[in-house]
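Protein chains in written order, with numbering that gives the first Met the number 0: chain A, 0 to 253; chain B, 0 to 253; chain C, 0 to 253; chain D, 0 to 253; chain E, 0 to 253; chain F, 0 to 253; chain G, 0 to 253; chain H, 0 to 253.
Derived from the structure by calculation, the hints contain no laboratory data.
On a predicted model such as this, the values are computed, not experimentally measured, just so you know.
Any given hint could turn out to be false.
Stated by the list, open to error - Reference excerpt, derived from the structure (chain G facing chain E, CB under 8 Å, subset only):
(1) 16
(2) 19
(3) 57
(4) 58
(5) 62
(6) 211
(7) 215
(8) 231
(9) 232
(10) 233
Said to hold, decoys possible - Below, in silico cross-link-like pairs of lysine to aspartate or glutamate (EDC-like), each with a Cα-Cα straight-line distance of 16 Å or less:
(11) 246(A) <-> 249(D)
(12) 246(H) <-> 249(G)
(13) 246(C) <-> 111(B)
Ideal Cβ placement from N, Cα and C applies to all residues, glycine included.
Number of protein chains: 8
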Amino acid sequence: MNQERLSRLLEEVAAGTLSSEAALEQLRGLPFEDMGFAKIDFHRSLRKGYPETIFCQGKTPEQVAAIALRMAEAGETVLGTRCGPDMFQTVHDTVPRAVYHAAARAFTVMAEEGPLSQRYVAVVCAGTSDIPVAEEAAVTCLAMGVRVERVYDVGVAGIHRLLEQRERISGAVAAVVCAGMEGALPSVVAGLTSSLVIAVPTSVGYGASFNGIAALLGMLNSCATGLTVVNIDNGFGAAVAACTILKLVEQTTG
Amino acid sequence: MNQERLSRLLEEVAAGTLSSEAALEQLRGLPFEDMGFAKIDFHRSLRKGYPETIFCQGKTPEQVAAIALRMAEAGETVLGTRCGPDMFQTVHDTVPRAVYHAAARAFTVMAEEGPLSQRYVAVVCAGTSDIPVAEEAAVTCLAMGVRVERVYDVGVAGIHRLLEQRERISGAVAAVVCAGMEGALPSVVAGLTSSLVIAVPTSVGYGASFNGIAALLGMLNSCATGLTVVNIDNGFGAAVAACTILKLVEQTTG
Amino acid sequence: MNQERLSRLLEEVAAGTLSSEAALEQLRGLPFEDMGFAKIDFHRSLRKGYPETIFCQGKTPEQVAAIALRMAEAGETVLGTRCGPDMFQTVHDTVPRAVYHAAARAFTVMAEEGPLSQRYVAVVCAGTSDIPVAEEAAVTCLAMGVRVERVYDVGVAGIHRLLEQRERISGAVAAVVCAGMEGALPSVVAGLTSSLVIAVPTSVGYGASFNGIAALLGMLNSCATGLTVVNIDNGFGAAVAACTILKLVEQTTG
Amino acid sequence: MNQERLSRLLEEVAAGTLSSEAALEQLRGLPFEDMGFAKIDFHRSLRKGYPETIFCQGKTPEQVAAIALRMAEAGETVLGTRCGPDMFQTVHDTVPRAVYHAAARAFTVMAEEGPLSQRYVAVVCAGTSDIPVAEEAAVTCLAMGVRVERVYDVGVAGIHRLLEQRERISGAVAAVVCAGMEGALPSVVAGLTSSLVIAVPTSVGYGASFNGIAALLGMLNSCATGLTVVNIDNGFGAAVAACTILKLVEQTTG
Amino acid sequence: MNQERLSRLLEEVAAGTLSSEAALEQLRGLPFEDMGFAKIDFHRSLRKGYPETIFCQGKTPEQVAAIALRMAEAGETVLGTRCGPDMFQTVHDTVPRAVYHAAARAFTVMAEEGPLSQRYVAVVCAGTSDIPVAEEAAVTCLAMGVRVERVYDVGVAGIHRLLEQRERISGAVAAVVCAGMEGALPSVVAGLTSSLVIAVPTSVGYGASFNGIAALLGMLNSCATGLTVVNIDNGFGAAVAACTILKLVEQTTG
Amino acid sequence: MNQERLSRLLEEVAAGTLSSEAALEQLRGLPFEDMGFAKIDFHRSLRKGYPETIFCQGKTPEQVAAIALRMAEAGETVLGTRCGPDMFQTVHDTVPRAVYHAAARAFTVMAEEGPLSQRYVAVVCAGTSDIPVAEEAAVTCLAMGVRVERVYDVGVAGIHRLLEQRERISGAVAAVVCAGMEGALPSVVAGLTSSLVIAVPTSVGYGASFNGIAALLGMLNSCATGLTVVNIDNGFGAAVAACTILKLVEQTTG
Amino acid sequence: MNQERLSRLLEEVAAGTLSSEAALEQLRGLPFEDMGFAKIDFHRSLRKGYPETIFCQGKTPEQVAAIALRMAEAGETVLGTRCGPDMFQTVHDTVPRAVYHAAARAFTVMAEEGPLSQRYVAVVCAGTSDIPVAEEAAVTCLAMGVRVERVYDVGVAGIHRLLEQRERISGAVAAVVCAGMEGALPSVVAGLTSSLVIAVPTSVGYGASFNGIAALLGMLNSCATGLTVVNIDNGFGAAVAACTILKLVEQTTG
Amino acid sequence: MNQERLSRLLEEVAAGTLSSEAALEQLRGLPFEDMGFAKIDFHRSLRKGYPETIFCQGKTPEQVAAIALRMAEAGETVLGTRCGPDMFQTVHDTVPRAVYHAAARAFTVMAEEGPLSQRYVAVVCAGTSDIPVAEEAAVTCLAMGVRVERVYDVGVAGIHRLLEQRERISGAVAAVVCAGMEGALPSVVAGLTSSLVIAVPTSVGYGASFNGIAALLGMLNSCATGLTVVNIDNGFGAAVAACTILKLVEQTTG
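Work out the full structure, taking the sequences as your base and the hints as a guide.
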């Protein structure tokens, strides 16, 4: 029916009974969203440089490898998260350029290795057990062409270690802060820096940590205002948020 | 940019350098979703007879009255759910045609009172405490022009009362079955009828009923296959689902 | 005691002291439910074509194989869900006709392969990780003689892929929509089609997805009215509900 | 810099231009936490323009009024959140300059009304019931000197209303998106804009919405990467995060 | 259809072409459950003496009064639980014979006051806050004609008070033990008596008692084997279970 | 100090300055519980015939075998629950008389095989997946010398199978009813028998069954009054409760 | 029976056929626990100075007043917690000596006002909203004769305020630290003092604070080892624990 | 004291006996956090004897071994908790002095084996399944130089076993009491001793024990005042708390 209406309109234009301006106006008058979702693709192309990401968990190695191959052949940077070493073997057999980041349980296929951003994102974590999540964040930043400063093993129990790293954190555009157990680290970091802190609860802990729920709740209820939170163990998502801010700043300043 | 492209295309049609058929083809070729969400509106207009609904809870009486007035003036049937008697007073002062359904805590402003559907939806509930939810379902059906058979107070504790109503339930296109506590009634009803049972857990109960969670879980885990479930106390949503099926049947059969 | 009463009544009829009409009337007067549950079996036989289903999880391979054999010998179509490849091996050794559907982790033993229904059910899923649940739904439909259109990998992140499949979904009598994580897909699909959407939360996700609870809650609270929900990962149950509607429509229209 | 200051001070002592007592006094006069948490105060003074905030809930009207008075007298901009009209009356009696924002259940005492920022934050909400949370965000932005664009009542059920506002949202440095029920709006908005989306689950809903838990989980599990989340109903915190980004951009670009 | 079959069968008996014995046999051959649910009513009449119960919460005073009147006129003993004093006023106006038990928030209309049972049920509770639940149990027993021994305020903190009552508890056929907070009392009582202990968690407590969940979980996980549990605050249900055992013993022994 | 007091008292008696009656009175006056917990052992010895039970889960095979040996040597009947076949191997090597019950995952070492009780306990379960829990209950009864009637695979989906077993269930002193998923079976059984129903939720199910929580909540909220509940999968505890009632009846009647 | 045995023993002592030493030995040989629970009372009397406590919530004003009167007349110090001002009015009418502590929602009736302990307990809280809980702890200490240092409003957001109070906290035998929201304060305090920190989660907060659950989980998962936790809002319990340690120290050192 | 030091330093600068450069260097050389968190390091050095602890779970064997080696070489006592036998093998290969405590799943590297404390901590547990947690507590005490009395397998079901150990528990400075299931043991122990009871819920149990949640809630809601609680299975933390009290007492008394 929509099509009939369009058809008729075009015929009137062809017949000269409707000016192209009037037709355009009428088209504009069509349910607005006709033009709507088209935009999506345009602004997608704008954010070029964002890697295509494969969440590997729950997929077969063959599926992951096939998707990675297709994307890599299309010239995209590919990032595969939650990818164990066995699964990566299959990926590597299919896409020999793929590089594995064991600590992050992630792999990348870089489209082109341009220079990293001037500004950087700080990736902070409380203990060695939180490193896999922090590394997922760090690798994601790098795959997005963003420089990273890693500040690891600075839990609140030995606060002086954190204080020694204060400068490096404060210099970042945004800080991705990963912590399990009671998840207090992001609150403390937020007190040390004026940039945005993105908190990542990790599933590190036992008993009443409930696989990260305690940390998640702690972060959501933080008395440090301005803290925002992502899903448990979601280093990837936090990194994308941080890089979005960094790119906004770099775009604005040229 | 999209608009420029459209503009150019229309000018070509006007100039005769592009036939209206070719233009139509090109329009079809535009990012597919251009036409996409337009459909929404069309099929919306197709399901005329669906009431515009106001979920009153959390709104001020004035907001509700204003929305109801606007919709009623547009010739729509209006249904207001979760509306207490005090709030309705304000609505009534603004829209005198509005009718209150105390048991359902709902009001309606009917656009036109055509005949009800031939087929009907059965609205079943376990105890007198479940009646507000059941009535919300019943009033919703009526606002959609659908006939309702009410089968109330047929809890599984006195199963013969349910069995006496078996015919009326089986004759329905779909049954909306409301129950609190352990929520076993929908399972039993599903054993008595071949039509679809839509289960509505109610917040009736105490202690470990957790305001309807026990009933919700019971229904989700029902061993009676083919049962589907809506939110706790959501008589409205279940009724819309049931009426959707009824209208599909009536449309198909002319 | 009941039997004595029946006995006496029959003797009176035999003796001619009670007419068969009066006896029938008296029988009717017996506690109503005497006749009650009898209906169950009759309407069961009406819905012939429904497969006998074995929920394999928690049973031994031997138990599953034995049940499948008994049912298959009785001429029933058999559907086994949640059946791993190892377990199926045992089933296959016992019932060589059994066919395995690896993606669905299900097997079927078809009683007779009649033509599929004319109308169809759409089975939609968000990502590749949801496919096992979607396939369980699809295989269930097929085992019930219902035609299926599979619309896979159309998550809301890349909404244009979904829009391209709009026609196929809208053409369905009902849509079974499977999604994990935040479970938003069924809401979006419900905006694109006028037929009933049956939402299946899947356990896909991590962290605060809590094995499908986030998706389940999202679907139960959907602002798209008319959505109904089944248990987490319950592709089978959703398919039975969808087929129930389809068969209702086909029965009604002859 | 701190060290320079120390250096200079010590040199003056060495030079005899400063007595050791006076030097000690000056050292004492430095923010006490000087060598350790020193940065805190400095960066606090850097983020001048940030309001002093009173979370009123759980305090007595007298406590709130006293704190507001003390802060206002110190020349600070004061923001009071979760403040009912009765409580505000007490505040107003004490600080007559205080202004109440009924829809936000907040009050402000502005230190000086300079011009608002050039760039803006978009505050988006799904339904009228979400407005109190959205307004808390908007009032917070204004108290921080940040321009706001309000985009209200654009729930995903009527997606064309959202699409009409696309430009205004995309033009923002960051979008604070408030939604209750299944909380899908932030995911959809994130698909329409390249700036950061900060999601605020609201306690709007009933039954299995569990006072905002469903929305919170939906947002944490969003398939739209880069989304970050704050506590349920925490419009204030989301606004602070958004303004932090905006000020970072404005600072960087001069 | 069933009826046709019955009709034909009776006509054959009337015609003498079928003996009443053969007819009886055929009737027996009908789907077995034909005779099935009839039993329910018989055994219901067997347990005469059981009160008809009205769960008042969630009903209007008028509904409660009307139901109570109908039952009382039918000569039944009536028990109304969860009935506040205001609601009872309406009941009393309608059924002047109704007696209110304030501590139990319950009322009774006794059909006939026969002698109480010889054996008794012990109703035990931990603290004065648990008394309403304990009294609901006690009043229920009395309404069922069962003698009660009340053992109140014997919490485990002052265990000697419990020990002093040891004999009275041990002499009971069954003990209904009500406790909130950590719910340890039933475990201790179970160590003191050889009769069955029915544990009733109460919603007494605060914080992590979660309205009785802590007590409920404590009782379900009791290391005292043989303990069984009912819903939070369900004094009524526990009393019915205890009286069922008592009546079984009294029936068996004549 | 207590001892000093006792010592002095005894010396006074010896010295004749205190009569033995007065001394007894004084002893009685000592904190009552002095005599208190002594009783425990006496009534323990009364319930001879109860097996000594080992909850094997979480113990090493060696620990289980050692405990079993010590008890068996003391002439006790031993019951080991939650014992896998591998663990039993170790037990059997140590106590060759031990008998394994594979379906129950339990073993017994019978002290003496006397005749079973005349009355019996009915052990009922819904599906084949519930059998391990039901068998744990059955084996426990047998270890306690109590006769059992097993009524298995009578889920509410095929209610006629349950009705066919009505007589056997009604004849029991108590019924242990095991069910997973929505846990509706105990409610239905409670409608068919006048004896006490002890409900055992099982962890059978998936998704929103939450390992038996749905069944547990369903049973706690059952509208069938008089139902009592034990922990998830606790067939042992339910059996002990049932046997306690049976032994009470048999003791009373001689 | 036990008594007979005692009786006989005493008679033998009186008769001189048994020495008092031998009798004592035999008494020791009685089931050991005979002497067991006696200890309870003795050590109770040892900890004289502990107040008798009434948890007022859930009791009627009359019950509270009556209990308070009975205890006060027995010369005990009485502490009533969770007592609103209206309830206290009734208490005061009955026990005029009773003193109300409004901020703590508690009252005391002091037996005798001796000097407070030399050492002290620090009661620390994060914000003004936590004061009621902190005051309950402080009043409890005072009722136990223990000196208190209050350190209030030292939340981690303004950490210098806490640091200024470092000395006073470190000087305490134990610190009761109350905090709501994410509950991080006890962890930080534990880093500043070598004495035991007893953490009290408060129900202060909103949204995902879940009435103190977030704070409770944060404290249970604290990376500051040696922290122990009490129930949400349980200032009383924490104070008793702290005073127990203080009294142990004072006892040991004379 | 710190100030004195500063004072002296400044005077030396004024006196010319110290160059300003050297003074600056000295200031730098002070523990950096000097004025702020300075205390931390000082009191750390004060609590010498506390082991450096490695929470091994979630770390690789290599990481654990490397950390252990570094600490051991620094002359510290090292305690590794949650360390399986395989992981220990790697530790042992690296630090041959390391000793494994299999029952505790922990290892220690003792700096110097001085005499244990005179006073002791009682470590109590309910059943053999709780021993791993109890042993973690015991080994922690020993690593801290604190004497331990183990009181195992004294569950409340056989309360006389507990009573027999009464003296040993009462003699302790503090008791660490570990229990799973309903977690009632700490409450009972608290009734037997006047010293502080630190309750450790264990994850022992099944079904509604929810891996220790039931025990945790039971302990948090204990009616035995003065009980404090640590995380599920956190034997280590409870031991540190108990040793903190013991050292406080020993320090005070010299």
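Hints, verified against the model:
no.: 1; hint: 16; in the structure: 32 Å, violated
no.: 2; hint: 19; in the structure: 27 Å, violated
no.: 3; hint: 57; in the structure: 4 Å, holds
no.: 4; hint: 58; in the structure: 6 Å, holds
no.: 5; hint: 62; in the structure: 6 Å, holds
no.: 6; hint: 211; in the structure: 6 Å, holds
no.: 7; hint: 215; in the structure: 6 Å, holds
no.: 8; hint: 231; in the structure: 3 Å, holds
no.: 9; hint: 232; in the structure: 5 Å, holds
no.: 10; hint: 233; in the structure: 6 Å, holds
no.: 11; hint: 246(A) <-> 249(D); in the structure: 14 Å, holds
no.: 12; hint: 246(H) <-> 249(G); in the structure: 14 Å, holds
no.: 13; hint: 246(C) <-> 111(B); in the structure: 33 Å, violated
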